[in-house]
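Turn these sequences into a full structure, and let the hints steer you where they fit.
For the protein sequence lines, the chains are D and G, in the order given.
The first sequence begins at 2 in my numbering and counts up by one.
The second sequence begins at 2 in my numbering and counts up by one.
Just so you know, these hints were derived from the structure itself, not from any lab.
Mixed in with the good hints there might be a few duds.
Identical copies go unnamed one by one, so any copy, or any two together, can satisfy a pair.
Claimed, not checked - Here are the simulated SDA-like pairs of lysine to any residue, each with C-alpha atoms no more than 25 Å apart in a straight line:
#, residue 1, residue 2
1, 226, 52
2, 223, 51
3, 241, 196
4, 264, 220
5, 241, 49
6, 264, 134
7, 241, 191
8, 56, 227
9, 200, 263
10, 82, 266
11, 223, 248
12, 264, 251
13, 216, 240
14, 56, 228
15, 216, 245
16, 264, 250
17, 264, 204
18, 223, 257
19, 223, 53
20, 223, 52
21, 226, 250
22, 81, 25
23, 223, 241
If you're wondering where the values come from, they're calculated on a predicted model, not measured in any experiment.
One-letter residues, chain by chain:
Number of protein chains: 2
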Amino acid sequence: MRAVIVETPGDVDALTIGEVETPRPGPGEVLVRTVASGVNRADVLQRQGHYPPPKGVTDIIGLEASGVVEEVGAAVTRWKKGDEVVALLAGGGYAEFFIAPEGQLVPPPPGVDLVSAAGVLEVAATVVSNLEVGRLSAGEVFLVHGGAGGIGTFATQYARALGATAVSTAGSLDKVRHSLEHGASFSFDYHGDWVAELKEATGGADVILDIIGAKYLELNVKALKPGGRLVIIGMQGGVKGTLNIGLLLSKQAMVTATSLRFKPLGAKAAICRRVEQEVWPMLGDGRIRLSPETRIPFDDVRRAHEQLVGGDNVGKIVLVH
Amino acid sequence: MRAVIVETPGDVDALTIGEVETPRPGPGEVLVRTVASGVNRADVLQRQGHYPPPKGVTDIIGLEASGVVEEVGAAVTRWKKGDEVVALLAGGGYAEFFIAPEGQLVPPPPGVDLVSAAGVLEVAATVVSNLEVGRLSAGEVFLVHGGAGGIGTFATQYARALGATAVSTAGSLDKVRHSLEHGASFSFDYHGDWVAELKEATGGADVILDIIGAKYLELNVKALKPGGRLVIIGMQGGVKGTLNIGLLLSKQAMVTATSLRFKPLGAKAAICRRVEQEVWPMLGDGRIRLSPETRIPFDDVRRAHEQLVGGDNVGKIVLVH
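Next comes the structure, spelled out in structure tokens:
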């Protein structure tokens, strides 16, 4: 089969398309013929050599993809050849075929075609699982950074659908507006004193979903309410930060860092079930609206990475096979 | 009534004994005539001005005390004049009488006299509530620093009684031996590479109860197993530490900081109930053994603080009225 190969980690030129052996499904696994592959920021890190796959996982890049079931393992009960599916993957999405454990496949959301669906599951699973880690509940204040990004746009709408007050930061007036149109009750320009503005508006945040890491660690702890929970899922602003333990203690607050990719299979299957049962209806009835994806041919994978890193792309990028 | 007064925060000379008005119990409160007052490290911080009481709480020092009920508020149902009680307090223990919410009083542990009982509840409540925060469960590895201290001696025995493997660090061979005799399966000298020794012995810790704070933050995160929980309850090693978010993320681990004193009344009452139901039987049947306390007359409160700060005292210090 055709797949994206990275011989030596590096810039976009490291991405080449070549022939590799088509994988075979194990007893609980499904072989899927790819229709489209979602492109994520983590893919760029993996291409650069900064985000190696978990042990035992293919080194082909790609954390989500959609397609049509080609073959099922002996122990698979839910799926059969010809079914349309969307997959949450630990790797392998940038290829003509991919393998997924049965529990990490879901049907596409209602009314969404397979190409668009390729860019939905990773974000949905990330947000759903991390707001569960943060125990966000109705009536609480939820803050996400990058309110106009993929995670931010989804998270503000989802938090609002849960009955929380959603708040975001964003880097421009356009992005602030985008966030306010997608579930946020307040959105603050992060070039300003967003901690002070947040405290003025809502008294602080009960749960923060953070993609910045080190650079925002002190600010995030300041922004938490008593009993607040900071859930870090990205480190765009560095790996080692300063933690004010005294402030954390006075608030009885919590900091945690999680990664969907490194969770065990059982946990991933539970998250996929929850996305299918809880989020797919929200996409169906419009409580969550996604920005239109950017479609790029599979052969132009280098351009897809360039466009993602450029930072001006709105909505997900998907590679069409 | 007679009480310890601190006019100006400072060294032990700041502690003087004077006359203040005897407090009156509110509807859900109990007035207790003090038999003995437990002395805690936090009392020293409060004397120095570093640990002010929560809003609405007396500025008389003292987080735990024992005594005999003198008068009960109209809404109190469990206690009557003459009952022997031990109290968990947000303040006020260093006085001839103290006030406690009904739910923060428990009977003394079976077979323990009221003087010894004055030094048990604060440690027990701290350990029980924080291992609940850390969700320690049977079969897991539990690490506490200062294995020969009040918290450490209690925590290793309690964790072992829960079915966990208890491990500690300590500062001398004598203290290592003390910890091994009080529930610890391993105890490491903290002058050595205790992280490496811990990993060698048990593969790391699922839950760490930490009184050091900043100085140990990076080491503690290193010492955690995947999914581990670091619960910080003290900052003897500083307030601002370096958090390696990348390492935390790769382990899906959690850092939290809590303080018993600042928890709401309902939470404190629940903790006291749990201590009475779960820990008192363990003291009764010897699963938890306490070091004999050091008894110092109430009038010698300055000497009590000197002895605590000196650091060579084994077991709790209690002030006898």
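Hints, verified against the model:
For the homomeric pair residue 226 and residue 52, the shortest alpha-carbon distance between copies (20 Å) is at most 25 Å, but the shortest distance inside one copy (33 Å) is not. Proximity of residue 223 to residue 51 under the C-alpha cut-off of 25 Å is restricted to the inter-copy arrangement: shortest distance 20 Å between copies versus 30 Å within a copy. Taking CA atoms no more than 25 Å apart as the test, residue 241 paired with residue 196 passes in both settings, with 21 Å inside one copy and 19 Å between copies. Proximity of residue 264 to residue 220 under the C-alpha cut-off of 25 Å is restricted to the inter-copy arrangement: shortest distance 24 Å between copies versus 28 Å within a copy.
Taking the closest pair of Cα atoms, residue 241 and residue 49 come within 25 Å of each other only inside a single copy of the chain (20 Å); across copies the shortest separation is 33 Å, beyond that limit. For the homomeric pair residue 264 and residue 134, the shortest alpha-carbon distances inside one copy (13 Å) and between copies (22 Å) are both at most 25 Å. Both within a single protomer and between protomers do residue 241 and residue 191 lie at most 25 Å apart by alpha-carbon distance, with minima of 21 Å and 24 Å respectively. Taking the closest pair of Cα atoms, residue 56 and residue 227 come within 25 Å of each other only across two copies (15 Å); inside a single copy the shortest separation is 39 Å, beyond that limit.
For the homomeric pair residue 200 and residue 263, the shortest alpha-carbon distance between copies (21 Å) is at most 25 Å, but the shortest distance inside one copy (34 Å) is not. In the homo-oligomer, the alpha carbons of residue 82 and residue 266 lie at most 25 Å apart inside one protomer (23 Å), although the nearest pairing across protomers, at 59 Å, exceeds that limit. With identical chains, the CA atoms of residue 223 and residue 248 are at most 25 Å apart both within one copy (7 Å) and between copies (22 Å). In this assembly of identical chains, residue 264 and residue 251 lie within 25 Å of each other by CA distance solely across copies; the values are 10 Å between and 31 Å within a copy.
Taking CA atoms no more than 25 Å apart as the test, residue 216 paired with residue 240 passes in both settings, with 8 Å inside one copy and 18 Å between copies. Proximity of residue 56 to residue 228 under the C-alpha cut-off of 25 Å is restricted to the inter-copy arrangement: shortest distance 17 Å between copies versus 36 Å within a copy. For the identical chains of this complex, residue 216 and residue 245 are neighbours both inside a copy (13 Å) and across copies (12 Å), given an alpha-carbon limit of 25 Å. For the identical chains of this complex, residue 264 and residue 250 are inter-copy neighbours only, at 11 Å across copies versus 28 Å inside a copy, given an alpha-carbon limit of 25 Å.
In this homomeric assembly, residue 264 and residue 204 come within 25 Å of each other (Cα to Cα) only across copies, at 19 Å, whereas the closest approach inside a single copy is 33 Å. In this homomeric assembly, residue 223 and residue 257 come within 25 Å of each other (Cα to Cα) both inside a single copy, at 15 Å, and across copies, at 14 Å. Within a single copy, residue 223 and residue 53 get their C-alpha atoms only as close as 33 Å, which misses the 25 Å cut-off; across copies the closest is 20 Å, which meets it. For the homomeric pair residue 223 and residue 52, the shortest alpha-carbon distance between copies (19 Å) is at most 25 Å, but the shortest distance inside one copy (30 Å) is not.
Both within a single protomer and between protomers do residue 226 and residue 250 lie at most 25 Å apart by alpha-carbon distance, with minima of 12 Å and 23 Å respectively. For the homomeric pair residue 81 and residue 25, the shortest alpha-carbon distance inside one copy (15 Å) is at most 25 Å, but the shortest distance between copies (75 Å) is not. Taking the closest pair of Cα atoms, residue 223 and residue 241 come within 25 Å of each other both inside a single copy (17 Å) and across two copies (13 Å).
The structure shown violates none of the earlier numbered hints.
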